[in-house]
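Chemist: Residue numbers (the working numbering), protein chains in the order written: chain Z, 1 to 177; chain P, 1001 to 1283.
Note that these hints are calculated values from the structure, not bench results.
Virtual Cβ for every residue (Gly too), placed ideally from N, Cα, C.
Wrong hints could be hidden among the right ones.
What the hints assert, rightly or not - With a cut-off of at most 35 Å between alpha-carbon atoms, the simulated DSBU-like pairs for lysine-lysine come out as follows:
1) 1248(P) - 1267(P)
2) 1112(P) - 1215(P)
3) 1112(P) - 1221(P)
4) 1153(P) - 1072(P)
5) 1276(P) - 1248(P)
6) 1236(P) - 1221(P)
7) 1193(P) - 30(Z)
8) 1112(P) - 30(Z)
9) 1094(P) - 1153(P)
10) 1112(P) - 1061(P)
11) 30(Z) - 1094(P)
12) 1215(P) - 30(Z)
Unchecked claim - Cβ-to-Cβ under 7 Å is the rule here; a few derived chain P residues that face chain Z:
13) 1008
14) 1066
15) 1201
16) 1203
17) 1204
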Amino acid sequence: MFIVIFLFLGILILILQTTFLQLLPVWLGKPDILFLLIVYISCQPEILRGSVVILLLGLLMDVFSGVFLGLYPVIFLLVFAFIRGISRRVAINEFAYQVPLALISYLFVSIGMFLFSYSLAPDTPPQWSWGTIVLQLLMLAVIGGPVVGIFDSITNFYRTTSASGRLPGTKSVNRFK
Amino acid sequence: MDNTIRKRGKRTSHLRVFLLFGCLLTAIFILFVSMAGRKEFTVPHKLGLELIGPFQTAISKVSNYAGSTWDKYTALLNVREENERLRQELLQYKAANIEYREAVATNVRLQKLLELKESLPPPTLSAEIVGKDPSLWFRTFTINRGSSDGVQKGMPVVTVEGVVGQVLTSSPNYSKVLLATDPNSAIEVITQKTRVQGIVKGQGPDAFALHYVLKSAEVEKGDYVLTSGLGGVFPKGLMVGTVAEITKSRRGMFQHIAITPAVDFSKLEYLIIIMKKYSLTED
């Protein structure tokens, strides 16, 4: 159920990002809501199912964006691993950590993408624009709270319905393990 | 005694009858006089009028006010309804106007595309953009034509203004187009005036760079850059852009030439795919 819900949500966001959100003016930037979803899933305790969703979303992202197939699954899974690594020390599944974590991850991913593109085409390197990156980060910071709130309510709904439908004797996922 | 009482009763009733007749006659007389005379008020009339007049005025004003208020209220109700109806009509007309303008604009665009289509080597296929790359690092579009329409990897994609890019991948009904502004794109070109050849590569959202032009080659600012047809992907003579800036650094063999794209990539809607029997860039 976790995989289905978040995969469906990811597809919905991807469609929005490739169509409706493209209508936003350039100076406003284009919010990367899918990236917020990736960070959010990475913060959840469902490691195996989370990684499956992230892999599938990365593959889907490859279809609609970029030139090199397999780039997005790698990037998304690296973000997942990075966040899981941090989660051993910090309680990142808390709401307050998720948006700053998304911003840091976004910055790292942008740097990684730039270096990757640069290494492939050194004679026509992609333009690194701090203005654009900062605008994107600001956009993520602004929409991050409400969007993560929506994801939280979807997760709570999922957990409630799955808990009520659980067979007696089965254990629930312990978020504070 | 009884006779006396009866006589008094008879007198009284007679008197009443006389009084009644008297009043009646007086009224008839007044009527006749007023009808035949100057129709002027007598003092009692005037006095009565003066006494009652102010009350009449006051009540009349109040009733008029109430009446006019009621009329206004009912009129307001009607006006509100009418206003609502007019607003609806206005919205309908506005929507119709927007549709009309959009239809005219689409017609103009399609007409231009048709003209271009007729000027290009056949066969060609028109397509509509259905999605754009959300990433900051890549420039691709998704279009509503795929392999079932005969679209294959490497097919050039153009528009009225000039070159847009080429097909990167295709599924049965959709294709992904790599824009010429993507750093991974390369197009063989020639300058119109000086006939200098080079390769145009994407450099960001709305910029090209002309590569591999020797320092000794003569390139003019403002010269048109067209497809050379040498790569075999694009037909010869399609507009790519205009030379915007030329820099000759001390080091290296080549000039740095910035090109302003002929196509406004942010406003693209419809595209034309130049079909080929066999794709030239197939793996």
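Chemist: Using Cβ atoms only, decide whether residue 1201(P) comes closer than 7 Å to chain Z, and label the hint accordingly.
Modeler: Holds: closest Cβ of chain Z sits about 4 Å from residue 1201(P), inside 7 Å.
Chemist: Hey, residue 1112(P) versus residue 1215(P), does the alpha-carbon distance stay inside 35 Å?
Modeler: 38 Å, violated
Chemist: Hinted pair, alpha-carbon criterion (35 Å max): residue 30(Z), residue 1094(P). Please report holds or violated.
Modeler: 30 Å, holds
Chemist: Does residue 1215(P) pair with residue 30(Z) here, judged by a C-alpha cut-off of 35 Å?
Modeler: With a Cα-Cα distance of about 40 Å, the restraint between residue 1215(P) and residue 30(Z) is violated, given a limit of 35 Å.
Chemist: Given residue 1204(P) as an interface hint, is its Cβ closer than 7 Å to any Cβ of chain Z?
Modeler: Where the cut-off is 7 Å and the nearest Cβ of chain Z is about 4 Å from residue 1204(P), the hint holds.
Chemist: Is the Cα-Cα distance between residue 1236(P) and residue 1221(P) 35 Å or less?
Modeler: 21 Å, holds
Chemist: Would you mind confirming whether the straight-line C-alpha gap from residue 1094(P) to residue 1153(P) stays at or under 35 Å?
Modeler: Since the Cα atoms of residue 1094(P) and residue 1153(P) sit roughly 43 Å apart, the hinted pair is violated (cutoff 35 Å).
Chemist: Is the Cα-Cα distance between residue 1276(P) and residue 1248(P) 35 Å or less?
Modeler: Distance ~39 Å between residue 1276(P) and residue 1248(P) Cα, so the pair is violated.
Chemist: Are residue 1066(P) and chain Z close enough, Cβ to Cβ, to be under 7 Å, as the hint says?
Modeler: This interface hint is violated because 55 Å lies over the 7 Å limit.
Chemist: Hey, residue 1153(P) versus residue 1072(P), does the alpha-carbon distance stay inside 35 Å?
Modeler: With a Cα-Cα distance of about 73 Å, the restraint between residue 1153(P) and residue 1072(P) is violated, given a limit of 35 Å.
Chemist: Given the hint that residue 1193(P) pairs with residue 30(Z), test it: the Cα-Cα distance must not exceed 35 Å.
Modeler: Answer violated: residue 1193(P) to residue 30(Z) is near 40 Å, above 35 Å.
Chemist: Holds or violated: are the alpha carbons of residue 1112(P) and residue 30(Z) at most 35 Å from each other?
Modeler: Distance of about 31 Å is within 35 Å: holds.
When the structure is compared with the earlier hints, violations turn up for hints 2, 4, 5, 7, 9, 10, 12, 13 and 14 and for no others.
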